[in-house]
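S.K.: Single-letter residue listing:
Number of protein chains: 2
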Amino acid sequence: MEEKIRTLSKLYAKHFSAQLDTVRLRTGKTTERIKIDHPEAAAVVPFLDEQRILMVRQWRYAIERETLEIPAGKADPGEDLDVCAIRELKEETGYEAEHLLHLFSYYPAIGYSNEIIRIYAASGLRSLPGEQDVDEISRVEVVELSRVQDLILQGLISDGKTVIGISLFLAKQQRGEIPPGFF
Amino acid sequence: MEEKIRTLSKLYAKHFSAQLDTVRLRTGKTTERIKIDHPEAAAVVPFLDEQRILMVRQWRYAIERETLEIPAGKADPGEDLDVCAIRELKEETGYEAEHLLHLFSYYPAIGYSNEIIRIYAASGLRSLPGEQDVDEISRVEVVELSRVQDLILQGLISDGKTVIGISLFLAKQQRGEIPPGFF
Chain X
81 MEEKIRTLSK LYAKHFSAQL DTVRLRTGKT TERIKIDHPE AAAVVPFLDE QRILMVRQWR
141 YAIERETLEI PAGKADPGED LDVCAIRELK EETGYEAEHL LHLFSYYPAI GYSNEIIRIY
201 AASGLRSLPG EQDVDEISRV EVVELSRVQD LILQGLISDG KTVIGISLFL AKQQRGEIPP
261 GFF
Chain Y
81 MEEKIRTLSK LYAKHFSAQL DTVRLRTGKT TERIKIDHPE AAAVVPFLDE QRILMVRQWR
141 YAIERETLEI PAGKADPGED LDVCAIRELK EETGYEAEHL LHLFSYYPAI GYSNEIIRIY
201 AASGLRSLPG EQDVDEISRV EVVELSRVQD LILQGLISDG KTVIGISLFL AKQQRGEIPP
261 GFF
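Protein sequences, first through last, are from chains X and Y.
For the first sequence, this note's numbering gives the first residue as 81, with consecutive numbering after it.
For the second sequence, this note's numbering gives the first residue as 81, with consecutive numbering after it.
In case anyone wonders, no lab produced these hints; they're calculated from the structure.
All C-beta atoms, glycine included, are put in the ideal place defined by N, C-alpha and C.
Heads up, a few of these hints could be off.
[Unchecked claim] Here are some chain X residues pointing at chain Y (derived, C-beta under 10 Å): (1) L105; (2) T107; (3) E171; (4) A189; (5) E195.
When you get a sec, could you build the whole thing from the sequences and use the hints?
M.R.: Below you can see the structure in the form of structure tokens.
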């Protein structure tokens with residue numbers, strides 16, 4: 081294991097923080113680690129039907145460009161992740177969902193962040209006019225699932241959670257692990 | 081797009097930094113964003129043969145537990161990512177590789193980090209006694225590829241880059257996109 085010696089500095093955003101720690105490695109050597117203390121997050125692969133999903137175009141400040149991703153966001157304090165998934169889907173696409181299926185939970189940036197993303201598939205979608213968040217999302221798009229897989233393999237979709245959501249859904253589908261009544 | 085108004089605070093680790101910025105959203109509203117400025121990184125799925133890969137057990141400070149992952153690490157300043165991949169493989173497992181095949185490049189934490197991870201498959205492995213880094217890696221393991229996929233689908237491997245490396249290798253293999261002479 082690695083043991084914290086002390087925190088050298090720390091900064092706080094609205095919902096999470098980053099700190100720089102001096103740590104002792106298991107061999108006795110010391111080094112510095114940045115650690116992001118991040119709330120849990122939920123992401124959703126929202127199925128309009130068996131072939132088509134909803135995706136969102138949004139500006140990403142950290143990489144200074146627009147991306148095509150599945151809807152996702154941080155949980156509010158005390159919020160269950162399935163509630164968060166439904167809320168983020170509604171805020172980012174203006175759709176609500178009847179069914180949620182847990183696909184996978186993972187650490188996106190294990191080297192410096194404790195964030196865990198819980199990815200769901202959603203079905204039984206229904207449009208709620210006027211519910212979409214215009215501050216963060218520039219456009220909602222309907223994309224064929226097979227096209228998303230092509231875009232991933234061509235390197236044109238490069239957002240980790242989107243790649244994992246689609247890949248794990250397809251792997252589970254291949255193994256017969258998506259319940260027959262899901263769509 | 082989103083425009084930086086100013087940086088409120090910043091902290092520096094040895095090879096990267098985290099900063100808290102006030103930004104103006106495209107609708108004119110302002111908010112705060114944490115941004116990690118991170119060097120590019122490389123990860124490797126190292127094949128001993130067509131069925132077996134090398135993985136590393138290591139302590140992860142950010143999540144306070146040990147994980148099973150593919151070898152990976154940050155590029156040194158000016159270092160090419162294929163050179164980085166070979167170096168990290170050697171440091172973490174004590175093996176060198178004859179062939180490298182680029183599988184995929186992606187953003188692991190697009191919401192707050194500009195890190196990009198370039199994942200390779202490696203073959204033609206050869207053990208170099210005494211080359212392994214004992215500070216960071218606690219054990220090197222040989223794991224069947226099919227077992228890794230099972231561990232992912234059972235939720236027992238939850239490191240993003242490992243999930244993406246294995247999933248994309250299998251998807252490319254299914255599509256006949258792994259060169260026949262690779263193994």
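S.K.: It remains to establish, for every hint, whether it holds in the given structure.
M.R.: Here is what the structure says about each hint:
Because the closest C-beta pair between L105 (chain X) and chain Y is about 5 Å apart, less than 10 Å, the hint holds. Taking 10 Å as the C-beta cut-off, the interface hint given for T107 (chain X) holds, the closest approach to chain Y being about 5 Å. The beta carbon of E171 (chain X) is not positioned within 10 Å of any beta carbon in chain Y (closest approach about 14 Å), and the interface hint is therefore violated. Using the Cβ-Cβ criterion of 10 Å, the hint placing A189 (chain X) at the interface with chain Y is satisfied: the shortest such distance is roughly 4 Å.
Given hint, E195 (chain X) at the interface with chain Y, holds; its Cβ is 7 Å from that chain's nearest Cβ, closer than 10 Å.
Violated hint for the displayed structure: number 3, the only one.
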